[in-house]
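Engineer: Put chain E with the ligands on the given structure of chain L with help from the hints.
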Amino acid sequence: MANFNIDSTKENTYDAIVIGSGMSGGWAAKELADKGLKTLILERGRDVKHNVDYPTTNMMPWEFKHRMQVPQEIVEENPIVSKCYNFREDSMHFFVKDKEHPYVQEKPFDWIRGYQVGGKSIMWARQTQRWSDFDFEGPARDGFAVDWPIRYKDIAPWYSYVEKFVGIAGFKDGLPNLPDGEFLPGYDLNCVEGYFKEKVESTYKDRNIISARCAHLSEPQPIHLEQGRGQCMNRTLCQRGCPFGGYFNSNSSTIPWALKTGNATLRPFSVVHSLIYDDVKEKVTGVRVVDSESKEMIEYYASIVFVNAGALNTNLILLNSTSNRFPNGLGNDNGLLGKYAAFHNYRARVSGRYDGFPDTTSLGRRPTSGYIPRFRNVYKQETNFLRGYAAGFSAGRQVDRNYDGVGESLKSNLLNPEWGGWRVGSHMMGETIPKESNYWGIDPTQKDEWGIPLLKVNVDYDDNDEKMVADYIEQLTEMFTMAGFTDIQSNDSKQAPGLDIHEMGGVRMGKDPKTSLLDKWNRMHLAKNVFVTDGACMTSTSTQNPSLTYMALTARAVDFAVKEMPKETT
Amino acid sequence: MDRRTALKQAALFAGGVALLPSCSFEPERVAMALNNLQIDADQQDLLAKIVQTIIPSGEIPGADELEVYKFVLVMADDCMDKSEQGVFTSGLQKFGPFVKENFDKAFAKGDQAYKEKVLTDIMAMEDADDASKPGLKDVKSFLDATKGYTIRGYMSSQYILTEKFPYKHVPGPFQACVSTDGLIVM
Ligand SMILES: Cc1cc2nc3c(=O)[nH]c(=O)nc-3n(C[C@H](O)[C@H](O)[C@H](O)COP(=O)(O)OP(=O)(O)OC[C@H]3O[C@@H](n4cnc5c(N)ncnc54)[C@H](O)[C@@H]3O)c2cc1C
Ligand code: SF4
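Protein chains in written order, with the working numbering: chain L, 1 to 570; chain E, 1 to 186.
These aren't lab readings, by the way, just hints derived from the structure by calculation.
Check before you lean on any hint, since a few could be wrong.
Distance condition first, Cα-Cα at most 30 angstroms in a straight line; then the derived DSS-like pairs of lysine-lysine [unchecked claim]: (1) L:K283 with L:K295; (2) L:K49 with E:K168; (3) E:K94 with E:K49; (4) E:K100 with E:K82; (5) L:K514 with L:K199; (6) L:K65 with E:K168; (7) E:K82 with L:K494; (8) L:K494 with L:K281; (9) L:K494 with L:K456; (10) L:K38 with L:K49; (11) L:K164 with L:K35; (12) L:K65 with E:K70; (13) L:K281 with L:K10; (14) L:K295 with L:K49; (15) L:K456 with L:K205; (16) L:K567 with L:K35; (17) L:K65 with E:K94; (18) L:K520 with L:K281; (19) L:K83 with E:K82; (20) L:K99 with E:K82; (21) L:K83 with E:K168; (22) L:K197 with E:K100; (23) L:K99 with L:K65; (24) E:K100 with L:K65; (25) L:K65 with E:K49; (26) L:K83 with E:K94; (27) L:K65 with E:K137; (28) E:K82 with L:K97; (29) E:K94 with L:K97.
One chain only, chain L, in its complex shape (with noise of 0.2 angstroms):
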């Protein structure tokens, strides 16, 4: 009997375990795999191969039953992730229907999940910007949250390092608040979006439109064949999977990658329910797994343990990691666990429509858009709210069809469009302040089905959100009118945080245990070989989208555990 716990044991002891597999959790398995540890992946959801597990990637329009349109019954039965702009009939099956993972929204939350192996990196819009020192420092600067523990210089070779593996399209702009990259060809501007480039850069000193760089292989590398992907081919079906591998999910890159290695074992169905802490060794030795399928409880056991569950699944786990030591949750001694949370606030649009360059378009598809970094609060304090907002900008040529009676004249004027006018828009992606009253925690009753308690969310905008609001709408239909665009609209969605699906924090990076949960390398300042690199790990969100910044952090980790941390240690 006792030789048989010692030969489990054995068997389920790996020299890192990964939780999660998607976006980052994909790159901590690829660069712990690579260098050599043998690692446990650990996916709640179903495995998703590349290629084979895309049902609906090459699907013609007519072939979907309902043209896309998502059915009442399901919209009526998923009331949260219906609101997601991709939960469509192509990809509805890579997202996690409300019912199926339930949780408190003690204020309104629209938490949108994709529980799969490669978790939402199937689906995301695949927008990658760097950060840089104006973000890092802008709590510090400004007086919130905490300072960052690092600053651009510490991750900028990160950012290139993940850069060429993931391949990025994109333009060097030599923009100091939005460092360039590593770029594959860019993405042109269309006309109008080239037109109000010009306007706009020429009219304001700090204001710049580009194309958003993206994660799309436009000319591939040696490095990105070898991961067996191709050249995109602009076919911007993305949400279902892409057969060529053109843009980058975790599915045709990172999670094949460290399998090929030899060294990584991927465990799908396996739902972590909490980390297991030694008092008596003073570390985590180890995971809880509730078997999704059998539902039979099963310990692994790992010398590094890396949480990359999606930000709110890391608090959760964390929250519930709970042990002698730590009856907060794990590294909790500050209490701040689960707070400072933060997100995009994506609310308003402005639209309106251009009547230059009637004898233009552009032709084919293009998975990107233009991109106006953040203006407001860069370089001094100039406005009533602190930090700003980033924007998507973009301009489509209508094609105008006359859609009145019905018989022969409506058939053929359905058959004989005519090129209608320039249509432009605009949606914000604000930078919110981390607050300890915006949190994520557990509710101290109900448990989900695995045994896990229900996860709370109590997270909100505040003044300066809505004085961000105010002003982008303000200024973006400043600078549309001056680019002499015509019947402008604006719009506040007033949509719950969630729906911008870059909730962050919670497990903030910080130079002080006292008041922050990892330290500069995203280490647990009090489980030392615990590491957490999803959105959990963000001290503040920046305006730009956020999983570069997860996957350049995850890189940077893994390299720290695998060198330096033996070397500190001894």
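Structural biologist: Chain E with the ligands only, in chain L's frame:
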């Protein structure tokens, strides 16, 4: 094989002949199997005629050849909420009597021009006239929804997206700014 045929056969195999109502031995004329809507074969035929009137046949196939009424039914059945479905079925039920009441003759008895006139006239009526023309609101809502789905189903049909406005899965390189000269608008 549609669902009812399948059920019937299953019943026969189970020796359940006695369970089948005798009328089921009449020539096969059943409506499409739907989940929510109660639509009989006659109503389905009427709907198909309305849909054909909205986009008639011609040199280029119309809604008839492309069986667009099936798409209209699928969308009404799966993508409308309960109250919209109520109005849709009620409008479809009331359509026949409404036409007889307010126009010269039954919808099906007229030619394409007559049918087009009926649809156009109804869609142009004011909701406020519902009092003097009972059923108008439902009939109008039903026609509006049917027209919307007809256009969508037709324009996204395989025929249109291969023959008329070819949909390219792989559209080729993106060209950011080109002249519209000589380009087919699509
Ligand atoms: C429609 C959409 C558009 C987006 N667009 C962009 C964009 O343009 N740019 C950008 O930067 N970001 C974008 N994002 C966000 C981006 O997808 C996330 O930031 C990113 O995927 C986060 O990576 P992650 O590893 O933290 O989490 P995920 O990718 O979500 O992966 C987490 C994984 O952990 C697993 N897991 C969770 N709990 C457990 C548990 N208890 N045990 C075991 N496994 C668990 C999950 O099943 C999942 O596979 C978008 C997201 C969506 C949905
Ligand atoms: S746009 Fe590129 S990456 Fe996206 S599906 Fe198409 S080929 Fe694949």
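Engineer: All hints are to be evaluated individually against the structure, with a verdict given for each.
Structural biologist: Hint-by-hint comparison with the structure:
1. L:K283 with L:K295: The hint holds at about 27 angstroms.
2. L:K49 with E:K168: 25 angstroms, holds
3. E:K94 with E:K49: 15 angstroms, holds
4. E:K100 with E:K82: Given that 30 angstroms is the threshold and the Cα spacing comes to 28 angstroms, the pair holds.
5. L:K514 with L:K199: 49 angstroms, violated
6. L:K65 with E:K168: Holds. K65 of chain L to K168 of chain E sits at ~19 angstroms (cutoff 30 angstroms).
7. E:K82 with L:K494: Judged against 30 angstroms, a Cα distance of about 27 angstroms means the pair holds.
8. L:K494 with L:K281: 49 angstroms, violated
9. L:K494 with L:K456: At roughly 21 angstroms apart (the allowed maximum being 30 angstroms), K456 of chain L and K494 of chain L satisfy the hint.
10. L:K38 with L:K49: 21 angstroms, holds
11. L:K164 with L:K35: OK: K164 of chain L and K35 of chain L at ~18 angstroms, within 30 angstroms.
12. L:K65 with E:K70: 10 angstroms, holds
13. L:K281 with L:K10: 18 angstroms, holds
14. L:K295 with L:K49: 24 angstroms, holds
15. L:K456 with L:K205: Violated. K456 of chain L to K205 of chain L sits at ~44 angstroms, over the 30 angstroms cutoff.
16. L:K567 with L:K35: OK: K567 of chain L and K35 of chain L at ~16 angstroms, within 30 angstroms.
17. L:K65 with E:K94: 28 angstroms, holds
18. L:K520 with L:K281: With Cα atoms ~24 angstroms apart, K520 of chain L and K281 of chain L stay inside 30 angstroms; holds.
19. L:K83 with E:K82: The given pair, whose Cα atoms are some 20 angstroms apart, holds under the 30 angstroms limit.
20. L:K99 with E:K82: 21 angstroms, holds
21. L:K83 with E:K168: Holds: K83 of chain L and K168 of chain E sit about 28 angstroms apart, inside 30 angstroms.
22. L:K197 with E:K100: 61 angstroms, violated
23. L:K99 with L:K65: This hinted pair holds, its Cα atoms lying about 24 angstroms apart.
24. E:K100 with L:K65: 35 angstroms, violated
25. L:K65 with E:K49: 22 angstroms, holds
26. L:K83 with E:K94: 35 angstroms, violated
27. L:K65 with E:K137: Given that 30 angstroms is the threshold and the Cα spacing comes to 29 angstroms, the pair holds.
28. E:K82 with L:K97: This hinted pair holds, its Cα atoms lying about 21 angstroms apart.
29. E:K94 with L:K97: Violated - the C-alpha atoms of K97 of chain L and K94 of chain E are around 39 angstroms apart, more than 30 angstroms.
Of the numbered hints listed earlier, those contradicted by the structure are 5, 8, 15, 22, 24, 26, 29.
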